[in-house]
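Undergrad: This is what each chain is made of:
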Amino acid sequence: MNDVSRLRRAWDMCAPTATIILMFVVWQVLVEAFHVRQVILPAPSAILEALAAQPGWFMQEGLYTMLTMLIGFGLAVVVGILLAILIVEVKLLENTLYALIAALNSVPKVAIAPLFVIWLGTGYGPKIAIAFLIAFFPIVIDSVLGLKSVSKEMLDLASSMRASQLAQFWRIRLPTALPSIFAGMKVGISLALVGTIVGEFVASDHGLGYIILTAQGTFETAQIFAANILLGAAGIVLFWGMTLLERRCVPWHASQRREA
Amino acid sequence: MNASVLEALSLAPKVAAAPPAAVHIEATGVSKQYGAKGVLALDQVSLSVREGEFLSILGPSGCGKSTLLRCVAGLERPTGGEIRVHGEPVRKPPANMGVVFQRDVLLEWRSILDNMFLQVDFRGEPRGRYMERAHELLDLFGLKGFEKAFPAQLSGGMRQRAAICRALLANPDLLLMDEPFGALDALTRDQMNLELQKIWSASRRTILFVTHSIGEAVFLSDRVVVMSPRPGRIAMTLTIDLPRPRRMMVREMPEFALYCGQIRALFGDMGLLKDE
Chain A
0 MNDVSRLRRA WDMCAPTATI ILMFVVWQVL VEAFHVRQVI LPAPSAILEA
50 LAAQPGWFMQ EGLYTMLTML IGFGLAVVVG ILLAILIVEV KLLENTLYAL
100 IAALNSVPKV AIAPLFVIWL GTGYGPKIAI AFLIAFFPIV IDSVLGLKSV
150 SKEMLDLASS MRASQLAQFW RIRLPTALPS IFAGMKVGIS LALVGTIVGE
200 FVASDHGLGY IILTAQGTFE TAQIFAANIL LGAAGIVLFW GMTLLERRCV
250 PWHASQRREA
Chain B
0 MNASVLEALS LAPKVAAAPP AAVHIEATGV SKQYGAKGVL ALDQVSLSVR
50 EGEFLSILGP SGCGKSTLLR CVAGLERPTG GEIRVHGEPV RKPPANMGVV
100 FQRDVLLEWR SILDNMFLQV DFRGEPRGRY MERAHELLDL FGLKGFEKAF
150 PAQLSGGMRQ RAAICRALLA NPDLLLMDEP FGALDALTRD QMNLELQKIW
200 SASRRTILFV THSIGEAVFL SDRVVVMSPR PGRIAMTLTI DLPRPRRMMV
250 REMPEFALYC GQIRALFGDM GLLKDE
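Just so you know, the sequences run in chain order A and B. The numbering of the first sequence is numbering that gives the first Met the number 0, which starts it at 0 and goes up by one. The numbering of the second sequence is numbering that gives the first Met the number 0, which starts it at 0 and goes up by one.
Derived from the structure by calculation, the hints contain no laboratory data. Values in this document were obtained by computation on a predicted structure and should not be read as measured data. Each statement offered as a hint is correct.
The calculated BS3-like cross-link candidates involving lysine-lysine, where the alpha carbons are at most 27 Å apart (straight line), are:
| hint | chain 1 | residue 1 | chain 2 | residue 2 |
| --- | --- | --- | --- | --- |
| 1 | B | Lys197 | B | Lys147 |
| 2 | A | Lys147 | A | Lys185 |
| 3 | A | Lys90 | B | Lys91 |
| 4 | A | Lys151 | B | Lys91 |
| 5 | A | Lys185 | A | Lys108 |
| 6 | A | Lys151 | B | Lys36 |
| 7 | A | Lys90 | A | Lys147 |
| 8 | B | Lys91 | B | Lys36 |
| 9 | B | Lys91 | A | Lys147 |
| 10 | A | Lys90 | B | Lys36 |
| 11 | A | Lys151 | A | Lys90 |
| 12 | B | Lys143 | B | Lys197 |
Here chain B is said to cover these stretches of chain A; the calculated rule only asks that three of the stretch's residues, wherever they fall, bring their Cβ under 8 Å from a Cβ of chain B:
| hint | region |
| --- | --- |
| 13 | 148-160 |
| 14 | 163-172 |
We put the beta carbon where it would ideally sit given N, CA and C, even for glycine.
Start from the sequences and build out the full structure, keeping to the hints where you can.
TA: As structure tokens, this is what we get:
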């Protein structure tokens, strides 16, 4: 690697961070220059103060939201992939269940959030259910697409080698589907976070969504921004984590290959 | 060139010699119809392949030549007739068989060496037993040093070489090849023909080779079976009596040209080649 490309690599790493820092600086300067009222748009320094005032509280509620989200997402991954396998293996399910899932996917899932409160109360339950439901659709749909993308010749090859159906699944179908499954999970994990917050908006006494809702009631705008910045950071970390996991699991996938 | 001229040249289709004792593949009256009233891909095809023979099935697109190969491979069931491999009726893919398809179908997530071991892994056998042979094959096909490379890093020709290595790893006595060089450029294709002939000469396993290239079929084969378009029937069986090992310049010999001319004349009679 020469100096120019090393410089480029360093720039690629730093540029996004530098952009975010620059945005906060401009924000701070503008708010101070135009004397914007705190309740309309607090300066970054004020948001930082709000965070620093109750770090334990933000941390605790943030963890609550994350935990709820991860349970919902985890369930969506397990159920979504298993269901996708069933749909691909059983022809009848493809024309019934999969058609139903594809149709339901166009229903705005957050609109049925209040139903879950009626069914499951106000604890973890409804939030997990909403996070699950909203993340489940992209995972199951992308997994089905991936599992079906195995070429006929590839399966012929496996048959000519007298491989069992199970061996074909583990050694050919699943690895072929992995890039698609990951695409679904990357969309799903962002959506799961949205679902959790929606659940907390509807009925909750915990979580970042709850902080946002109560802060709105008391016009603590800085707290709303603080919670949102935490959510944004969590979203970035989660997506980044999924990307790392994808690189580990599907290093061969074309979109993962770095240009030489 | 018409039939009477060919007869005058005493190169008209020869009647196949009496079948020798060791028959490897025996197809009797094999038909394949898709759907109850669907396309008849194969119509009453009978064919016998001797052990150690290099036999090509040649024909235009859609003549059912691939279907015939797939039936021999046990990947499809004929709707009529029967295929026997070593006297056993084919109901599922026979053991001791390697298949090479037009596309190399290498698994992108496996290295070249791991791709070769796919069948061994399917069987759950230890790899050690085949390791020496794997390296011999890679060496033979000029893939030494690429054991750890992934398919995406290889050229089309190298990928297909790896696919052939994979088919040969378990040392099958039957190799089925379905237009294996169809996707390669002309020069690479010639090179692959030479390499295939070399390994066939060395081991004398039976090869059933499907192609639509007249030159390729004549160059490689002991016998060429020419098929007519839909419904697929055997139109001619041609014994290629050219000395082996055949070098590239065999293709410039008048005998070679006459064999090719005979096949082209047949395609002309079928109305597949209009040469005004």
